[in-house]
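Given the sequences, and given the hints that come with them, work out the whole structure.
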Amino acid sequence: MSVLSELPRGGSARVKRVAGLDEVSVRLMEMGLTPGVEVRCLGAAPLGDPLEYEVRGYRLSLRRQEAALVEVESL
Amino acid sequence: MSIQTPPATITVALIGNPNTGKSTLFTALAGVRQRVGNYPGVTVEKKTGQMLDGPRRYLLVDLPGTYSLAPRSPDEMVAVDVLLGRQAHETRPDAVLCIVDASNVERNLYLVSQVLELGLPTVVALNMTDVASERGIEIDAAKLQERLGVPVVPVQANRRRGLGELKAALAAAVERDFSPPESPFPQPFQEEVARLESELGAEPVSGEAGNAPLPRYLVERLLLDTSGYLEQTVLANGSTDLRSKLAAARQRLIAAGCPVPAVEAMARYGWVARMLDGVVRRPAERGVTFTDRIDRVLTHKVVGTLVFALVMLAVFSSLFFVAATPMGWIETAQGWLAGLVEANMADGALRSLIVDGIIAGVGGVVIFLPQIMFLFFFIAILEDCGYMARAAYLMDKLMLRVGLSGKSFIPLLSSFACAIPGVMAARVIENRRDRLTTILVAPLMSCSARLPVYAIMIAAFIPPVSYLGGWLTLQGLTMFAMYSIGIVAAAGVALALKKTILRGPTPPFVLELPAYKWPSPSLVLYRMVDRGWAFLRRAGTLILAVSIVVWALLYYPQDPAATAPFMAERDRLEAQLATLPAEDVGRAAIEVQLVEVAREEQGAHQRQSWLGRMGHWVEPVVRPLGWDWRIGCAAIASFPAREVVVGTLGVIYNLGDDIDIEEAEGESRMAGALQRATWDGTDRPVYNIPVALSIMVFFALCAQCAATLAVIKRETNSWRWPLFTFVYMTGLAYVAALVTYQVGIRLIA
Chain F
276 MSVLSELPRG GSARVKRVAG LDEVSVRLME MGLTPGVEVR CLGAAPLGDP
326 LEYEVRGYRL SLRRQEAALV EVESL
Chain Y
5 MSIQTPPATI TVALIGNPNT GKSTLFTALA GVRQRVGNYP GVTVEKKTGQ
55 MLDGPRRYLL VDLPGTYSLA PRSPDEMVAV DVLLGRQAHE TRPDAVLCIV
105 DASNVERNLY LVSQVLELGL PTVVALNMTD VASERGIEID AAKLQERLGV
155 PVVPVQANRR RGLGELKAAL AAAVERDFSP PESPFPQPFQ EEVARLESEL
205 GAEPVSGEAG NAPLPRYLVE RLLLDTSGYL EQTVLANGST DLRSKLAAAR
255 QRLIAAGCPV PAVEAMARYG WVARMLDGVV RRPAERGVTF TDRIDRVLTH
305 KVVGTLVFAL VMLAVFSSLF FVAATPMGWI ETAQGWLAGL VEANMADGAL
355 RSLIVDGIIA GVGGVVIFLP QIMFLFFFIA ILEDCGYMAR AAYLMDKLML
405 RVGLSGKSFI PLLSSFACAI PGVMAARVIE NRRDRLTTIL VAPLMSCSAR
455 LPVYAIMIAA FIPPVSYLGG WLTLQGLTMF AMYSIGIVAA AGVALALKKT
505 ILRGPTPPFV LELPAYKWPS PSLVLYRMVD RGWAFLRRAG TLILAVSIVV
555 WALLYYPQDP AATAPFMAER DRLEAQLATL PAEDVGRAAI EVQLVEVARE
605 EQGAHQRQSW LGRMGHWVEP VVRPLGWDWR IGCAAIASFP AREVVVGTLG
655 VIYNLGDDID IEEAEGESRM AGALQRATWD GTDRPVYNIP VALSIMVFFA
705 LCAQCAATLA VIKRETNSWR WPLFTFVYMT GLAYVAALVT YQVGIRLIA
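Each protein sequence line maps, in turn, to chains F and Y. With my numbering as the guide, the letters of the first sequence map in order to residues 276 to 350. With my numbering as the guide, the letters of the second sequence map in order to residues 5 to 753.
Derived by calculation from the structure, the hints in this document are not laboratory data. Treat the hints loosely; a few may be bogus.
Here chain Y is said to cover these stretches of chain F; the calculated rule only asks that three of the stretch's residues, wherever they fall, bring their Cβ under 8 Å from a Cβ of chain Y [claimed, not checked]:
| # | stretch |
| --- | --- |
| 1 | 277-283 |
| 2 | 298-307 |
| 3 | 334-346 |
Derived DEER-like restraints, expressed as beta-carbon distance ranges [stated by the list, open to error]:
| # | chain 1 | residue 1 | chain 2 | residue 2 | range |
| --- | --- | --- | --- | --- | --- |
| 4 | F | G323 | Y | R297 | 22 to 28 Å |
| 5 | F | P283 | Y | R39 | 47 to 53 Å |
| 6 | F | L322 | Y | K503 | 21 to 27 Å |
| 7 | Y | E666 | F | G323 | 42 to 48 Å |
| 8 | F | L322 | Y | R165 | 38 to 44 Å |
| 9 | F | P283 | Y | R290 | 17 to 23 Å |
| 10 | F | E348 | Y | G168 | 47 to 53 Å |
| 11 | Y | E142 | F | P283 | 29 to 35 Å |
| 12 | F | L322 | Y | R39 | 37 to 43 Å |
| 13 | Y | A12 | F | L322 | 52 to 58 Å |
| 14 | Y | G168 | F | G323 | 48 to 54 Å |
| 15 | F | G323 | Y | G274 | 32 to 38 Å |
| 16 | F | L322 | Y | F325 | 24 to 30 Å |
Glycine included, C-beta positions come from ideal geometry on N, C-alpha and C.
As structure tokens, this is what we get:
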């Protein structure tokens with residue numbers, strides 16, 4: 276496994292890094308997706324996108340494309 | 005020892021993450037003493053409130069909810085400028101009140117770490133401690149206070165608990181000297197900031213009085229902001245020299261293991277972890293929360309979608325059907341008031357101005373209040389309970405197809421009832437380009453004011469044919485087509501806007517799905533009243549002014565020669581009536597004739613009024629649409645509001661302006677008049693199916709609604725966008741009506 280968007284529902288992973296330098300990447304980090312933090316996938320919206328995650332004790336929704344910027348390692 | 009006299013009014017800026025109960029706290033502290041305005045040049049709302057605490061007077065400035073003080077656009081810059089005292093015509097706050105969600109303290113402290121660097125006395129309000137303890141999260145506030153070096157006050161804003169302690173902490177904080185805590189950044193980064201700071205010493209800075217140096221926080225941001233926004237805005241002439249210095253500094257930081265922009269999030273979250281170590285106790289095993297249980301249903305593939313559809317149906321039908329009752333009362337009150345004035349005043353220009361200009365104009369403003377208040381009642385509930393974010397989550401993929409995000413769904417759905425609350429609801433969309441696109445296409449949704457236009461044209465000209473054993477009627481299909489035209493046009497325009505004038509990178513969706521909670525009734529009530537009041541105050545005057553202008557165009561010029569024959573006829577009938585005894589059967593017939601004469605007079609007057617003449621002027625323009633000057637005149641007269649077109653056609657065809665097409669009798673009289681109408685001097689009928697369709701298509705797409713344009717002006721804080729909306733919609737409507745008529749007439753032939 277390499278990126279957050281591939282995490283199956285209910286699966287957990289640890290963030291390795293967030294790719295990119297643009298606004299989206301900065302926002303992802305500001306929202307707490309920093310190296311070392313644990314993320315759990317809670318599911319997807321009925322239309323398949325966006326996805327829902329739990330990070331730092333709260334729920335965060337990301338589009339698949341955004342979640343693909345987050346490199347993770349499985350736990 | 006020097007004795008400092010406290011300032012007469014202490015200014016306190018309120019800042020916090022979204023969904024932390026910031027508005028609830030603001031309302032709890034400031035009560036109803038609130039003022040709403042706009043910061044110049046941006047669309048950010050400026051909300052201030054007064055708070056009294058014994059002898060102290062506070063001015064609370066509510067800054068927009070944000071996760072981070074990292075400005076990348078003019079809207080995001082406002083909060084930073086206010087806090088640094090760089091905002092024009094605003095004094096720098098004396099203190100900052102930072103609200104933190106206790107159940108989500110880790111991410112909330114990220115913003116606190118930025119706020120502390122600004123060097124203002126800061127007080128942290130630890131809100132929703134009850135929600136946190138329900139989840140088994142315990143926070144040692146005293147220990148956190150010690151670590152942060154600023155007062156930490158536990159509060160429950162929705163229950164008004166801890167407000168006294170909070171005020172006391174604020175009073176104490178402004179009187180103490182504040183020393184910012186140690187920087188959370190690693191040494192190499194701090195060195196680069198210091199180096200840049202000294203290099204910038206000579207750079208002219210925009211927004212700073214005299215030649216004051218750039219505040220340290222902005223120097224840091226300059227180094228961290230890879231979007232280039234700050235470089236362009238903060239430095240008056242972003243020299244290439246500076247750009248190369250920044251690039252070099254960033255290169256050195258990569259080598260030192262502190263790459264920009266990641267270094268900020270890592271440093272701040274590292275700091276947060278140090279602050280919270282031993283301060284927060286979480287349950288070892290994360291239990292299933294209230295929110296988990298609700299979300300299992302509400303974001304479920306089938307059930308969740310169904311519930312969403314039901315919620316939206318409830319919101320929509322309240323706007324469409326429930327709001328109709330108070331709207332009816334407003335119309336009745338307006339009619340009663342007009343009748344009262346008519347009964348007590350002599351006929352003349354002043355009476356006409358009061359009745360047809362002012363009372364009708366004020367009525368035309370107030371009539372929108374029920375829909376605005378119903379929509380904001382629902383939006384406040386949905387927002388406060390946490391469902392609003394789920395709605396955006398559920399609808400995002402659909403809206404992404406037209407280049408928007410899930411947040412545009414509710415504003416656009418509401419616009420099917422009325423574009424005014426829809427445009428006002430677009431405020432929830434943070435991204436400027438997405439918000440503008442939503443506002444600009446919202447008036448294309450077929451609102452309830454278009455219904456009378458569709459209804460009368462369909463009743464008069466679309467044959468009542470049905471298919472599939474009565475399940476499908478041609479009239480119903482026509483109505484459906486009109487709604488579809490609006491949706492298709494909106495999708496096309498949204499896509500076109502996002503590819504041209506509002507082009508830019510797709511804004512991040514990255515949306516917090518907050519925990520569910522019970523909405524606060526006082527906040528819901530406050531929002532509802534506040535929105536209604538904001539509409540009356542900001543848009544109301546503009547709408548009233550337009551109504552008066554259109555009244556004058558219809559009233560003037562007064563031409564005695566044109567009305568003389570009707571006067572003579574009326575005098576003759578009245579004299580005849582006077583000779584008949586009260587119980588004579590002939591009286592009724594004469595009274596009918598009198599009404600008829602009055603209507604003919606009204607029609608004759610209108611046809612020669614300025615507006616009637618404008619109808620004649622535009623006839624060459626509207627002729628390719630299949631319209632005669634009467635329809636052109638009615639279209640112009642409907643500028644204040646689309647539904648006025650029915651009343652105007654009523655007057656033009658001598659039916660009176662009070663024709664009620666919602667009643668069968670009124671509808672058939674109107675339909676009959678339209679069917680009988682002929683081109684001047686011929687017996688060729690004006691209306692046929694292509695003409696009726698061209699009128700409907702025109703009204704489906706045109707911007708004949710002064711109220712919507714006034715609200716767009718208010719929401720975008722500029723005349724450019726309402727003007728743009730009017731031009732593009734009128735152009736679109738004209739072309740579509742032209743195509744409809746030209747194709748239709750050839751199909752008939």
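Hint by hint, here is what the structure shows:
1. 277-283: The restraint on the stretch 277-283 of chain F is violated, since only 0 of its residues have a Cβ under 8 Å from chain Y and three are required.
2. 298-307: n = 10 at 8 Å, threshold three: holds.
3. 334-346: holds (count 6)
4. G323(F) with R297(Y): 22 to 28 Å: holds, 24 Å
5. P283(F) with R39(Y): 47 to 53 Å: holds, 51 Å
6. L322(F) with K503(Y): 21 to 27 Å: holds, 23 Å
7. E666(Y) with G323(F): 42 to 48 Å: At roughly 44 Å between Cβ atoms, G323(F) and E666(Y) fall inside 42 to 48 Å, so the hint holds.
8. L322(F) with R165(Y): 38 to 44 Å: Given a distance of about 41 Å, which is inside 38 to 44 Å, the answer is holds.
9. P283(F) with R290(Y): 17 to 23 Å: holds, 19 Å
10. E348(F) with G168(Y): 47 to 53 Å: holds, 49 Å
11. E142(Y) with P283(F): 29 to 35 Å: 33 Å Cβ-Cβ, so the 29 to 35 Å window holds.
12. L322(F) with R39(Y): 37 to 43 Å: At roughly 42 Å between Cβ atoms, R39(Y) and L322(F) fall inside 37 to 43 Å, so the hint holds.
13. A12(Y) with L322(F): 52 to 58 Å: This hint holds: roughly 56 Å between Cβ atoms.
14. G168(Y) with G323(F): 48 to 54 Å: Distance hint for G168(Y), G323(F) holds at roughly 50 Å.
15. G323(F) with G274(Y): 32 to 38 Å: holds, 36 Å
16. L322(F) with F325(Y): 24 to 30 Å: Check passed, 29 Å falls within 24 to 30 Å.
Taken one by one, the earlier hints fail for this structure only at number 1.
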